[in-house]
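Asks: Listed below, chain by chain, are the residues.
There are 2 protein chains.
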Amino acid sequence: MAQKVRIAVDAMGGDFGPSVTVPGCARALERRPDSHFLLIGDEKAIRAELANHPALAAVSEVRHSDVSIRMDDKPSQALRYGRRVSSMWMAVEAVKKGDADVAVSAGNTGALMAMSKICLRMLTGVERPALACLWPTLRGHSIVLDVGASIGANASQLVALAIMGSAMARVILGIDRPSVGLLNVGTEEIKGVEEVKAAAAILRESDLPGLAYSGFVEGDGIGAGAVDVVVTEGFTGNITLKTAEGTAKQIRAYIRAAMSGSLLAKLAYLLARGVFEELRGKMDTRAINGGVFLGLDGLVIKSHGGTDSVGFARAVEIGYEMAQSDLLNRIRDTVAIAHRFESGSADPSNPPQEAAQ
Amino acid sequence: MAQKVRIAVDAMGGDFGPSVTVPGCARALERRPDSHFLLIGDEKAIRAELANHPALAAVSEVRHSDVSIRMDDKPSQALRYGRRVSSMWMAVEAVKKGDADVAVSAGNTGALMAMSKICLRMLTGVERPALACLWPTLRGHSIVLDVGASIGANASQLVALAIMGSAMARVILGIDRPSVGLLNVGTEEIKGVEEVKAAAAILRESDLPGLAYSGFVEGDGIGAGAVDVVVTEGFTGNITLKTAEGTAKQIRAYIRAAMSGSLLAKLAYLLARGVFEELRGKMDTRAINGGVFLGLDGLVIKSHGGTDSVGFARAVEIGYEMAQSDLLNRIRDTVAIAHRFESGSADPSNPPQEAAQ
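Those protein sequence lines, which keep their order, are chains A and B.
The numbering of the first sequence is my numbering, which starts it at 37 and goes up by one.
The numbering of the second sequence is my numbering, which starts it at 37 and goes up by one.
Take these hints with a grain of salt, some might be off.
[Said to hold, decoys possible] If you only want the chain A side, here are some residues facing chain B, beta carbon under 8 Å, derived:
1. Val221
2. Gly251
3. Glu254
4. Thr276
5. Thr279
6. Glu281
7. Ile287
8. Gly297
9. Val311
[Unchecked claim] Pair ranges (Cβ atoms, derived):
10. B:Arg213 - A:Gly297: 29 to 35 Å
11. B:Pro245 - A:Asp369: 56 to 62 Å
12. A:Ala293 - B:Leu300: 19 to 25 Å
13. A:Ile154 - B:Pro245: 46 to 52 Å
14. B:Pro90 - A:Asp212: 56 to 62 Å
15. A:Tyr117 - B:Arg309: 56 to 62 Å
Think of the hints as simulated: they come from the structure by calculation, not from any bench.
As the structure is a computational prediction, the values presented were derived from the model and not from experiment.
Ideal Cβ positions, reconstructed from N, Cα and C, are used throughout, including at glycine.
Please model the entire structure based on the sequences and the hints provided.
Replies: The following block contains the structure:
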């Protein structure tokens, strides 16, 4: 992609709106100078923030919207007052229309997913969207999905997650045939819920191109980097991600307390400040901010609602990376191939189940 | 309890058997000198280890068993060859017979649960066991359950977990009316799976004595100490616990690498070694080793299979604490009260669901 990456931003999304999203974009621009921004929301508020960031202002277009989606509204409510007119909808629509390569929002997850589904539609062969994140591990990064787009999954929906996650791993991690694990309570064959066991059987037997199924992964296998792609349904995935973030925050608080305690500790901190800064960077949950919606016919990135400009910048950068690597077309191709591969063999042996999960 | 706490130990359980369990008991004895041990398993192997721990030998009785339960066997297999004769069964049976106040095993979780259910039976009013753990938080400790005893839960099973968890919190944390949260993907009312929402309605409306229902808790609320008792079903609970442990291990590895890097970092480490030791203690997942089976008519503690003697000692100590605080009778009383309280009001509005989770 020789031309600039065009990023549509729901400037009103998240807990803080333009006061976080605009500085976030400015920060992302420093690291990704070939970006172009389409900032959508209350023009006055956006321009006020842009005044502090002339470099960003120079590569941004502002599109006015009167309507912001509230963080706590149900998707149906959000659609009622926000369809076509809200900053969130307009950001997604910019991708649909071809005005942007990717949309980024820190707004209400459910509303963003509903609007993205309606506006962009699903890729052929994909039932519903998933939210994928890059998870830092001791071996580098893994992709974990679904971290909250859809609650519950039957066996074929889990297999679809495996396929989309592997496509993302090929593009983002540069691994030709990524290893894929199903998140479960034990590594033995006997364990786990029925849907996960059924998905394991399909993945093992169908031997899909472009992914290497590696069996079950337990919770502590994620951070250890046991596999390149960790697959689970959105309830467990969301709780798992937030638990890991919470644990990192908790340990940061312990370190802060320990390092400000005794005089010796303070001295040690001063001596090795660079080391501590590096450590802080590694434990910074803002560094993994930015979930990628997979399965839609267009690129949409979800940032945490409560993040600051550093975290929002990271979400924008993830959007940039996905757009630049042409993730969407890669996923489209993989799904199409897997679909041809699967049809007739896996489907009859695994009718969609009524998963109450 | 003026007399000694009598602890029955499945000495063969876990990945390493007596070479970990016996030194573990010796370590626990140092901190809990009024313990008495019943060590069950291969007498020769146990005595060989005991030779190195004379203080433990002085307060231990050895009971021989030829049969050890393998870590990967299904519960049904384990029962077939291990019922009545295995070290695991005999440890649980010692509680049943009144020879011990509590049983501790690092063996196969499924087998331990199956044997405990058959041998000890469930408390009146409880359908099935749960595994509860003490989770260190920024505010102290919380109780999290179920971390892996039963997969999936309908609304009334989640309510039962809330009741048993609160009884444990009253005893162990000394909180009169512990706050209880349901683990979910969002704190808003609209979110989450049906069973969790139905359990929330029951807990809110029934206003059970002895617990204060506080709504939904997200994954990052656990470590923050948002509530005293976090309730979830065993699939998500087990993955959540292991993910947190994995994240702590990962960060320990980062710290180790950072501190052994530059000369300055090494010097800083030497200067503030005490601080780092303290920090290591706080992040040591072995400190939370030892899950408590709740709902059985007897006390059984499950240690991680792969732990070392430090971790096994902690599981033994947790057993000691539970026995000394008379956890079992407190839970029995609470369940009986809640049952009387619930019957007629909550039951008809919430028939058990066919939860596929």
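Asks: Please go over all the hints and tell whether each is borne out by the structure.
Replies: Here is how each hint holds up against the structure:
1. Proximity of Val221 of chain A to chain B holds as hinted, the smallest CB-CB distance being about 4 Å (cut-off 8 Å).
2. With its C-beta approaching chain B no nearer than about 13 Å, Gly251 of chain A sits outside the 8 Å limit, and its interface hint is violated.
3. At its closest, the beta carbon of Glu254 of chain A sits 5 Å from a beta carbon of chain B; the interface hint therefore holds under the 8 Å criterion.
4. Annotation: Thr276 of chain A was flagged as interfacial toward chain B, and the flag holds, the nearest CB pair being 5 Å apart, inside 8 Å.
5. For the restraint placing Thr279 of chain A at the interface with chain B, the shortest Cβ-Cβ distance is roughly 4 Å, inside the 8 Å limit, so the hint holds.
6. Annotation: Glu281 of chain A was flagged as interfacial toward chain B, and the flag holds, the nearest CB pair being 5 Å apart, inside 8 Å.
7. The beta carbon of Ile287 of chain A comes within 5 Å of a beta carbon in chain B, closer than 8 Å, and the hint placing it at the interface holds.
8. With its C-beta approaching chain B no nearer than about 6 Å, Gly297 of chain A sits inside the 8 Å limit, and its interface hint holds.
9. With its C-beta approaching chain B no nearer than about 4 Å, Val311 of chain A sits inside the 8 Å limit, and its interface hint holds.
10. Hint check: Arg213 of chain B to Gly297 of chain A, Cβ distance near 34 Å, so the stated range 29 to 35 Å holds.
11. Distance hint check for Pro245 of chain B and Asp369 of chain A: the Cβ-Cβ separation is about 60 Å, which falls inside the suggested range of 56 to 62 Å.
12. For the pair Ala293 of chain A and Leu300 of chain B, the beta carbons lie near 22 Å from each other, so the given range of 19 to 25 Å is met.
13. Here the CB-CB span from Ile154 of chain A to Pro245 of chain B is close to 47 Å, well matched to the stated 46 to 52 Å.
14. Our hint of 56 to 62 Å for Pro90 of chain B and Asp212 of chain A holds, since their Cβ atoms are close to 59 Å apart.
15. One distance hint, 56 to 62 Å for the beta-carbon pair Tyr117 of chain A and Arg309 of chain B, holds here, with the actual separation near 59 Å.
In summary, the one numbered hint that this structure violates is 2.
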